[in-house]
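Asks: Single-letter residue listing:
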Amino acid sequence: MASSTKNRAFLLGYRAYIAAFFIFLAAPLVAAGSFAFNDSLFPALPWQGFTLDWFFNDSEPKLGMFHDRRLLRGLYYSGVIGVMVALLSVFVGTTNAFLFVRGNFPAKNFFYILMILPLVIPGVILGISILVMASNIANGVEDRFNLELEFLRPGILLVVFGQFSFVTTITSLVITARLKKFDTSLEEAALNLGASRAQVLRTVTLPFLRPAMIAAGIVAFLVSFENFNTTLFLVGSESPLTITMYDRMAKVGSTPVLNAVSFFLIVGSGLLALISVVIQRDPKS
Amino acid sequence: MQSDIKRLSLILLFAPFALWIALLIILPHMGMVVLSLREKVAPRVYEFGFGNYIDFINEPIYWNTLLRTGSMSILVTFLALLIGFPIAYYIAKIAGKRSRGALFLLCLIPLWVSDLIRAFGWILLLRETGVISSFLTDIGLIKQPIEFLYNDITVIIGLVYTVILFMIVPLVSTLDGMDNAMIEAGYNLGGNGFTVLRRIIVPYAMPGIVSGCIVVFMMTAGSYLTPILLGGKNSSWFTEQIYDQFITRFNWESGAAFGFLLLAFTSVVVWIGLRLTGQTLANTVAKS
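Chains as they are written, first to last, in my numbering: chain F, 1 to 285; chain A, 1 to 288.
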């Protein structure tokens, strides 16, 4: 009896700890999001009443995020970069999955570790090393052939390469895990029924991989969208949203329009993350 | 014929992988090392040498910052494990079927929210005019507003906050695969809660623990926004030094040397961690 009350007390304490953790998890996000609706020029208490001005108002001093040219441009560049990174990294992630699940070649384990490595290299270092290499090539070409290779200077392409360099590891791992679960007898059956290799790939194997590919694409997009460390070194004049926000914070200080952007991003990334979880959970898509 | 096709498709599959790893990982890192071994002797004149590394050793601020970043990252990793393990265990083993899925979703949904927004949220809560300070003055607990920002404890809390989900998620997946019978057997054989935890649960969860620790340690050591925004200009984080050399001073040679030092330092820490726990990179990080 004594032990059961002790156990109950323990479980109660444990539950309280879990609840405290989730409050800790939510608090900064709630703070960042909710001040977007405060009718005040500063993201601070006291609460001045509810407003949507920080989203939709079209004039200073309360310029809403959907009328703020620079924030919208940042959002646009982030979207473009995110889509490019997602497409590229899902493509290479898929070929990597086939390479490591189906392929047989010497030193496979060594190459597999090489594939994981980018995930454990600090993003800052990926950023500077790619910046250094691109600049070296661009400078070399300029000195020797007097040719300016604009695309190797900091800008969207370098940002895409920088993010792609480590996001591909994530997509490869997600798609590899799915391909490992594939029952090869399905392919054999299709081949026996007279399908060509390409047909089997298109009608049997790729549809099986599709949920993992979509989920990996969403995660790649989200990682690209929120990335700061790698992007910081590779960014040119086309700043993605996180960089624009950081600049605004450093120069203007915190204004509620940043809360509006935060709210938008928290809800958006939460929804996308939810979709990627749901897609992967469903065994047959 | 058949084997030719196989070889051709293997080459086709290998090509994107090789291009990616060679052009975006190996060559750039070699270029970074080469650059770090260049000394500027006059404008546009360079010499091979270890000058950038010697500068690092001779300037205590530099290596103090690296050591500080490293030790704080280890502390953050340890705290994230300590706080996160009970959460992961609860989600995987104690929560009922329905609440398990819901709690895990609550961890997955904010996983990809940017560091910038997290830090911004903390700033709004903790600064002198922030929510907590004004709440405490309103209820009369303190007389004057308190600045909670710009100290090491806040930086550590903020870093733990930023990375802890990357600890919890792999731990939940690992613990989820554990058969409950193993835990019951431990109790039936007379073990108490602590023995079962130490002898059965932790050894089973080791790959997940190590995987979470590696990812969290690397994220912390390489983080930039959280220490800068919560610690202020004097947060002395090593990534800030790298940024400073590259962007502010335009001294790429020394920035490359710093980058290589950070990479070498974190790799050594991870290598020691893998050695101590008897795990490999392939069976930890790759599984999460």
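Be careful, since some hints might not be right.
[As the list claims (entries may be wrong)] To be clear about the criterion: a stretch of chain F counts as covered by chain A if any three or more of its residues have a C-beta under 8 Å from a C-beta of chain A, and this derived list gives those stretches:
no.	segment
1	47-60
2	144-156
[Stated by the list, open to error] Pairs of lysine to aspartate or glutamate, DMTMM-like flavour, derived with a Cα cap of 20 Å:
no.	chain 1	residue 1	chain 2	residue 2
3	A	Lys143	A	Glu128
4	F	Lys6	A	Glu184
5	A	Lys40	F	Glu188
6	A	Lys6	F	Asp143
7	F	Lys251	A	Asp244
8	F	Lys251	A	Glu240
[Stated by the list, open to error] Computed footprint of chain F on chain A, listed as stretches where at least three residues anywhere in the stretch have a Cβ under 8 Å from a Cβ of chain F:
no.	segment
9	66-72
10	170-176
Since the hints were derived computationally from the structure, they do not count as laboratory data. Being a predicted model, the structure only gives us computed values, none of them experimental. Even for Gly, the Cβ is constructed at its ideal location relative to N, Cα and C.
Asks: Hints first: check each against the structure and report whether it holds.
Replies: Results of checking the hints against the structure:
1. Counting residues of the segment 47-60 of chain F whose CB falls under 8 Å from any CB of chain A gives 0; the rule of at least 3 is not met.
2. Counting residues of the segment 144-156 of chain F whose beta-carbon sits less than 8 Å from any beta-carbon of chain A gives 0, not enough to reach three: the coverage restraint is violated.
3. With a C-alpha separation of about 13 Å, the suggested pair A:Lys143 and A:Glu128 falls inside the 20 Å cut-off, and the hint holds.
4. Only pairs whose Cα atoms come within 20 Å are accepted, and F:Lys6 paired with A:Glu184 is accepted, the gap being roughly 19 Å.
5. A distance of roughly 63 Å separates the Cα atoms of A:Lys40 and F:Glu188; the hinted pair therefore is violated under the 20 Å criterion.
6. Annotation: proposed proximity of A:Lys6 to F:Asp143 is violated, straight-line Cα distance about 44 Å (limit 20 Å).
7. Taken as a hint, the F:Lys251 and A:Asp244 pair is honoured in the structure, with Cα atoms around 18 Å apart against an allowance of 20 Å.
8. Using a Cα cut-off of 20 Å, the hinted pair F:Lys251 and A:Glu240 holds, with the two alpha carbons roughly 18 Å apart.
9. Remark: the segment 66-72 of chain A is not confirmed as covered by chain F, as 0 of its residues place a Cβ nearer than 8 Å to a Cβ of that chain, below the required three.
10. Taking a C-beta to C-beta cut-off of 8 Å, the segment 170-176 of chain A contributes 0 residues in contact with chain F, too few for the three needed, and the coverage statement is violated.
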